[in-house]
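Asker: Chains as they are written, first to last, in this note's numbering: chain A, 31 to 259; chain B, 109 to 324; chain C, 10 to 276.
Hints were generated in silico from the structure; no laboratory data involved. Don't take each hint at face value.
With a cut-off of at most 20 Å between alpha-carbon atoms, the simulated PhoX-like pairs for lysine-lysine come out as follows [as the list claims (entries may be wrong)]:
1. C/K27 with C/K229
2. C/K88 with C/K114
3. A/K45 with A/K109
4. B/K274 with A/K89
5. B/K241 with B/K140
6. A/K63 with A/K74
7. C/K132 with A/K170
8. A/K74 with A/K170
9. B/K276 with A/K89
10. A/K117 with A/K45
11. C/K37 with C/K27
12. A/K170 with C/K250
Derived DEER-like restraints, expressed as beta-carbon distance ranges [said to hold, decoys possible]:
13. B/P169 with A/L99: 26 to 34 Å
14. A/V73 with B/R246: 36 to 44 Å
15. B/V268 with A/Q72: 31 to 39 Å
16. B/R239 with C/G26: 51 to 59 Å
17. C/E222 with B/S240: 52 to 60 Å
18. C/E81 with A/I76: 46 to 54 Å
19. C/G51 with A/Q232: 18 to 26 Å
Listed next, the stretches of chain B that the computed footprint assigns to chain A, with coverage defined by at least 3 CB atoms under 8 Å from CB atoms of chain A [as the list claims (entries may be wrong)]:
20. 127 to 140
21. 152 to 164
22. 170 to 183
23. 195 to 204
Using N, Cα and C, we set each Cβ at its ideal position, and we do this for glycine too.
One letter stands for each residue in the lines below.
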Amino acid sequence: MKFSHHNFIQRAIIKTINFFKESIFAQEYALQKGFLQWFPPQVKIISVLAVIVGTLLTKSIALLFVFYLICLLIASLSKIKIGYFLKRTWLFIPIFSFFIALPAFFTDFNIAVLFVTRVLVSTSYIILLSLTTPHTRLLKTLRSFGVPQVFVMTLGMCYRYIFLFAEVIENTYLAVKSRVGGAIHYKHGQHIATWRIASLWQRSLQLNREIYDAMLSRGYSGEPRVLDE
Amino acid sequence: MHIPDGYLGPATCGFFYAVMLPIWALASRIVKKTLKAKQVPMLAIGAAFSFIVMLFDIPIPGGTTAHAIGAVLIAILLGPWPACIAITVTLVIQAFLFGDGGILALGANSFNMAFADVFAGYYIYRLVSYRSKPQSIRRVIAAGIGAYMGATLAAILTAVEIGLQKGKYSPYGLKEALPAMAGASILVFGWVDALLTAAVVKYLQSRKDTLEIQPS
Amino acid sequence: MSKPVFELEDLNYSYLGKFPALSDINLKIEAGEKVALLGANGTGKSTLLHILDALVFPDAGSIRFSGQDLNENVFNDEKFSRDFRRRVGLVFQNPDVQLFCPTVKEDIVFGPLQLGIAQNEIKKRLDNLVEILNIRDLVNRQPHQLSVGEKKKVSIASVLIIEPEVLLLDEPTAGLDPATCRQLLDLIDDFHAQGRTVITATHDLHMVPELAEDLRILNKERTITAAGPCKDLLANQDLLKQNNLVHIHKHRHDGSWHKHPHQHSPS
Numbered sequence: 031m032k033f034s035h036h037n038f039i040q041r042a043i044i045k046t047i048n049f050f051k052e053s054i055f056a057q058e059y060a061l062q063k064g065f066l067q068w069f070p071p072q073v074k075i076i077s078v079l080a081v082i083v084g085t086l087l088t089k090s091i092a093l094l095f096v097f098y099l100i101c102l103l104i105a106s107l108s109k110i111k112i113g114y115f116l117k118r119t120w121l122f123i124p125i126f127s128f129f130i131a132l133p134a135f136f137t138d139f140n141i142a143v144l145f146v147t148r149v150l151v152s153t154s155y156i157i158l159l160s161l162t163t164p165h166t167r168l169l170k171t172l173r174s175f176g177v178p179q180v181f182v183m184t185l186g187m188c189y190r191y192i193f194l195f196a197e198v199i200e201n202t203y204l205a206v207k208s209r210v211g212g213a214i215h216y217k218h219g220q221h222i223a224t225w226r227i228a229s230l231w232q233r234s235l236q237l238n239r240e241i242y243d244a245m246l247s248r249g250y251s252g253e254p255r256v257l258d259e
Numbered sequence: 109m110h111i112p113d114g115y116l117g118p119a120t121c122g123f124f125y126a127v128m129l130p131i132w133a134l135a136s137r138i139v140k141k142t143l144k145a146k147q148v149p150m151l152a153i154g155a156a157f158s159f160i161v162m163l164f165d166i167p168i169p170g171g172t173t174a175h176a177i178g179a180v181l182i183a184i185l186l187g188p189w190p191a192c193i194a195i196t197v198t199l200v201i202q203a204f205l206f207g208d209g210g211i212l213a214l215g216a217n218s219f220n221m222a223f224a225d226v227f228a229g230y231y232i233y234r235l236v237s238y239r240s241k242p243q244s245i246r247r248v249i250a251a252g253i254g255a256y257m258g259a260t261l262a263a264i265l266t267a268v269e270i271g272l273q274k275g276k277y278s279p280y281g282l283k284e285a286l287p288a289m290a291g292a293s294i295l296v297f298g299w300v301d302a303l304l305t306a307a308v309v310k311y312l313q314s315r316k317d318t319l320e321i322q323p324s
Numbered sequence: 010m011s012k013p014v015f016e017l018e019d020l021n022y023s024y025l026g027k028f029p030a031l032s033d034i035n036l037k038i039e040a041g042e043k044v045a046l047l048g049a050n051g052t053g054k055s056t057l058l059h060i061l062d063a064l065v066f067p068d069a070g071s072i073r074f075s076g077q078d079l080n081e082n083v084f085n086d087e088k089f090s091r092d093f094r095r096r097v098g099l100v101f102q103n104p105d106v107q108l109f110c111p112t113v114k115e116d117i118v119f120g121p122l123q124l125g126i127a128q129n130e131i132k133k134r135l136d137n138l139v140e141i142l143n144i145r146d147l148v149n150r151q152p153h154q155l156s157v158g159e160k161k162k163v164s165i166a167s168v169l170i171i172e173p174e175v176l177l178l179d180e181p182t183a184g185l186d187p188a189t190c191r192q193l194l195d196l197i198d199d200f201h202a203q204g205r206t207v208i209t210a211t212h213d214l215h216m217v218p219e220l221a222e223d224l225r226i227l228n229k230e231r232t233i234t235a236a237g238p239c240k241d242l243l244a245n246q247d248l249l250k251q252n253n254l255v256h257i258h259k260h261r262h263d264g265s266w267h268k269h270p271h272q273h274s275p276s
């Protein structure tokens, strides 16, 4: 659990950010005309929930594998490349869960397999939902489930600014790297990490002020409103 | 800290949804009434900040993953109710869009991180900083302690929820989950949260133009 | 004669009450004018635009909008505040700040929705603007997916949809390619041709003749040092040099070095 290699944090950060940018903001599959893309988001959310509950209720590993195969089938019908889908779903949650369950494979094999399979199936279906639905529509759909407006608005703005933050971090990392070269001493690296978080926070506060001004300038008075469609 | 779907049974998931629904409803009512218009973007930015912080997680055998949360930090800045909304929003984005799963487990995750962590951490901060000046070093320490305790409480709750599923859903019982999760928090991630929170509060003290630290 | 749109008298402003940002500003802008606020970096142009948009208020001196004093108190009156926000629009320098919604469409309609403009009217204006700006394929995209130029266009759309009488622009052409830049300038021209007021802050001498007919120059002391028609002020090399708006430009022509004052101005 201790970060032994001095570059570990640096590499982890850049890798995480890149993977995250690719995955959360990749929307090309949502715009394809495939099988799942055709369903309204409400239907998809409820079906995925039903599948997850089903996954939890069964104890049959065989049945879980059937669920999983169906998931892969739907993915390919929805024009998602299977290689990409496997990479996207196995990283990180099922792999993490596999590591977490590793010791249990030697004590209680059955439950360990059941556990990892359940996590894999649930995660795959959820990712299927997120890949085949435009995120902005997914966020809007929450409104139709009666989620209060303050949540919906915060969700929308949060989603918008996560991307900006990811870029800020990436740029800070690259800027630091270009100044000090590739190798950074562990102590120094720690210092940079602290500083990066502080600068991210500073950027947050500045953004808050500026965004508020931009909202105020266009007449914001504390009551969010939406267009009827 | 984050519990993906597949770890908890449907009854447990349902139970925590039932607990969180009135809390969410209350939070949105209180926030609508008390949050200044100026702080509205901060709600979203606080959530985005916490999201980025949570990205850096590692798996803990016997438990789930461990990472810093930043919940108490947001609570100190905006108050506990807005923080509850901000952290919930982070968890919703992780669950639905990032594919971290946790849609069914959203109630439980929110209870641990958006409710228990936020409120316990915040009130510990208030208690420790009792009547000290906003500019005092005691506030900084109080923020660190609050964040540490909040995060550790969330880790313990996570471990208990997972541990109670032994045999049916989780391969581990309390005996394995509790020391693993609490240990990770006590030894590593609690400190990350504490340092993060204390550093930002210290930073805020040096600047008057930023958001006020909530009066206590 | 009608009252000037903006009238600023001995206006002073400082950040946090200690870092001076504007000092002794006297400025009068009539309805229908097309003015540029020109100054090097750090001369307070953006701050001045924020003052004009009543996002911040002066420490001393006064600002009047159509004869009405602007201060924190009058903005507590919801009706006045709404009326002012409908009549004055600001396009921020950084489009990432201005575009805070999950989709382009939501960003564009944010202003009119907040200002209580009827839903049908908003949809009509949206349709119209999208056509003019040629951004129909952007409306369902997410702001972070757009290029700098596209973001800028959307930012401008998000203000133009309010149909303000006064348009404030902060470095509108920064970072744009020539074609997008041209499109934007034409748009500003059309807006001005409808009898509306345009006030632009810029440090780009090259753009000034396109953006404005009249000019106010801000100096290092963060005050207005010169005012007058563009062509007069831009011809005054000494004035421009004093205010760091020109620099000696050294470059190569056919293998030999060659120096001349670089003024970014086509005149």
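Asker: Hint by hint, say whether it matches the structure.
Answerer: Comparing the hints with the structure gives:
{"no.": "1", "hint": "C/K27 with C/K229", "in the structure": "holds (17 Å)"}
{"no.": "2", "hint": "C/K88 with C/K114", "in the structure": "violated (26 Å)"}
{"no.": "3", "hint": "A/K45 with A/K109", "in the structure": "violated (27 Å)"}
{"no.": "4", "hint": "B/K274 with A/K89", "in the structure": "holds (14 Å)"}
{"no.": "5", "hint": "B/K241 with B/K140", "in the structure": "violated (29 Å)"}
{"no.": "6", "hint": "A/K63 with A/K74", "in the structure": "holds (16 Å)"}
{"no.": "7", "hint": "C/K132 with A/K170", "in the structure": "holds (19 Å)"}
{"no.": "8", "hint": "A/K74 with A/K170", "in the structure": "holds (14 Å)"}
{"no.": "9", "hint": "B/K276 with A/K89", "in the structure": "holds (8 Å)"}
{"no.": "10", "hint": "A/K117 with A/K45", "in the structure": "holds (15 Å)"}
{"no.": "11", "hint": "C/K37 with C/K27", "in the structure": "violated (26 Å)"}
{"no.": "12", "hint": "A/K170 with C/K250", "in the structure": "violated (54 Å)"}
{"no.": "13", "hint": "B/P169 with A/L99: 26 to 34 Å", "in the structure": "holds (29 Å)"}
{"no.": "14", "hint": "A/V73 with B/R246: 36 to 44 Å", "in the structure": "violated (54 Å)"}
{"no.": "15", "hint": "B/V268 with A/Q72: 31 to 39 Å", "in the structure": "holds (34 Å)"}
{"no.": "16", "hint": "B/R239 with C/G26: 51 to 59 Å", "in the structure": "violated (28 Å)"}
{"no.": "17", "hint": "C/E222 with B/S240: 52 to 60 Å", "in the structure": "holds (59 Å)"}
{"no.": "18", "hint": "C/E81 with A/I76: 46 to 54 Å", "in the structure": "holds (49 Å)"}
{"no.": "19", "hint": "C/G51 with A/Q232: 18 to 26 Å", "in the structure": "holds (20 Å)"}
{"no.": "20", "hint": "127 to 140", "in the structure": "holds (count 5)"}
{"no.": "21", "hint": "152 to 164", "in the structure": "holds (count 11)"}
{"no.": "22", "hint": "170 to 183", "in the structure": "holds (count 4)"}
{"no.": "23", "hint": "195 to 204", "in the structure": "holds (count 7)"}
Of the numbered hints listed earlier, those contradicted by the structure are 2, 3, 5, 11, 12, 14, 16.
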